[in-house]
Amino acid sequence: MESQKVIIYTASYMLNKGISAILKEMNLDVDFRRAYSENELLQALKTEYYDYFITNGKIIYSLTKQQQLNLLNKTQIILIGKEDCSFAPNLKIIKRISSSETKDEIYLDFIEIFKEKTGIQDNNEISEREKDIIKLVALGMTNKEIADKLFLSIHTVVTHRKNISNKLGIKTISGLTIYAVLNGLIDLPAN
Amino acid sequence: MVSKDMKMADLVHQNYHILPIINRFDIRLGFGDKTISQICEEKSVETDFFIEVVNVFLNDEYFPKENLQKFSVESILDYLKKSHDYFLNVKLESIEKKINALIDICCKDNTSKVELIRNFFIEYKNELIEHIKYEDEIIFPYVNTVIKADIKAEKLENNEFRINYYLENHTDIEEKLFDLKNLIIKYLQLPKEVEISNEILFELFDLEKDLQNHQNFEEKVLVPLVLKMEDKLKI
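As given, the protein sequences belong to chains A and B, one line each in that order. Under the numbering used here, think of the first position of the first sequence as 1, with each following residue one higher. Under the numbering used here, think of the first position of the second sequence as 192, with each following residue one higher.
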């Protein structure tokens, strides 16, 4: 099997250098390179496919939506630091690493990421459980109410909702409601 | 990449979707054989800015932030305002008209389905209008005060507001548009009315692209420029 390809680019020189030194030291079976400027990064992403992109929120923010969608649509992202990336909801952020992690912690993180390939599941069928949840979302219930009603934890409901949005390509509550009506999951609201 | 010496007519031949963008510079059809730079000079449009805007539109991943930040805030602001006018007065209305037309020609069984889509569109439209009005009425006038203060090298009177408050994300509105497209593409089955459904979709895709570029100009060009001026004026 070919080794997985990784590209590293953060705004901080220290982080850039540090991350590649750690990967080198760990001797993982990954093929990694660093970019030294945003232009170099964009050029690299345009010409080659990378399995992983190690970066931070600031860099993600500086990319345009089109660059995010076109250049990173299959690449899994490992984010250094805590910055909120809610402005880029379509990216596959699979892991967050804090810059204050100890050697053991960061080793474990990288081993976990690169050893068990976090593949993206491609099963697009909506399950019965997911249908139940769509119905309740469409009826205007909150995650907490759904969790209580179906005897699930809120965390499970949130995971289901993420999966539903990914499968259907519909993210908003009003969008899900219309999906539910169009597919006969709930009746037309009488008005 | 488009250059100054290209004929304006050829630019339109290359990609006619560029027309509404060109119109934002008060440049209208009937170009004759004039080049881009000739027409820009006639209309007192900053040619280099025009070229960059056009290239950003034509090349999906092209967005030369640093270069764009060299243009005057006035040019950028003017372009953004004209885009707002286009969204409000042309695009949204045209989409709504087409959805209404679809309802009119739909057979009875399907009317309620399309009405759902219309309601969703109206919800989206209202959110977008509110957002645009906020920018037109609060953000852009603020940017103008910063520009004025910068020219006179004065301190700003308004100490409360800063441009980065405005960096609230557009995600919610964007998601609605994305959902709307998907509902039509994946889940709205209508037996006959193919043409008009296609047309609605084309317009939604156009709008989405236009809005994304617009947002890039706001977040990655306008805001950093104003931040720099604010820093200089030490508010």
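Certain hints may be false.
Okay, the calculated beta carbon distance ranges per label pair [as the list claims (entries may be wrong)]:
#: 1; chain 1: A; residue 1: Glu112; chain 2: B; residue 2: Leu220; range: 34 to 40 Å
#: 2; chain 1: A; residue 1: Asp84; chain 2: B; residue 2: Glu232; range: 42 to 48 Å
#: 3; chain 1: B; residue 1: Lys377; chain 2: A; residue 2: Lys135; range: 16 to 22 Å
#: 4; chain 1: B; residue 1: Leu279; chain 2: A; residue 2: Asp84; range: 27 to 33 Å
Here chain A is said to cover these stretches of chain B; the calculated rule only asks that three of the stretch's residues, wherever they fall, bring their Cβ under 8 Å from a Cβ of chain A [as the list claims (entries may be wrong)]:
#: 5; region: 270-280
#: 6; region: 369-375
Everything labelled a hint here was simulated from the structure, so no lab data went into it. Don't be surprised by glycine CBs; every beta carbon is placed ideally from N, CA and C.
- Looking at the structure, which of the earlier hints fail to hold? Hint check: 1 and 5 fail, others pass.
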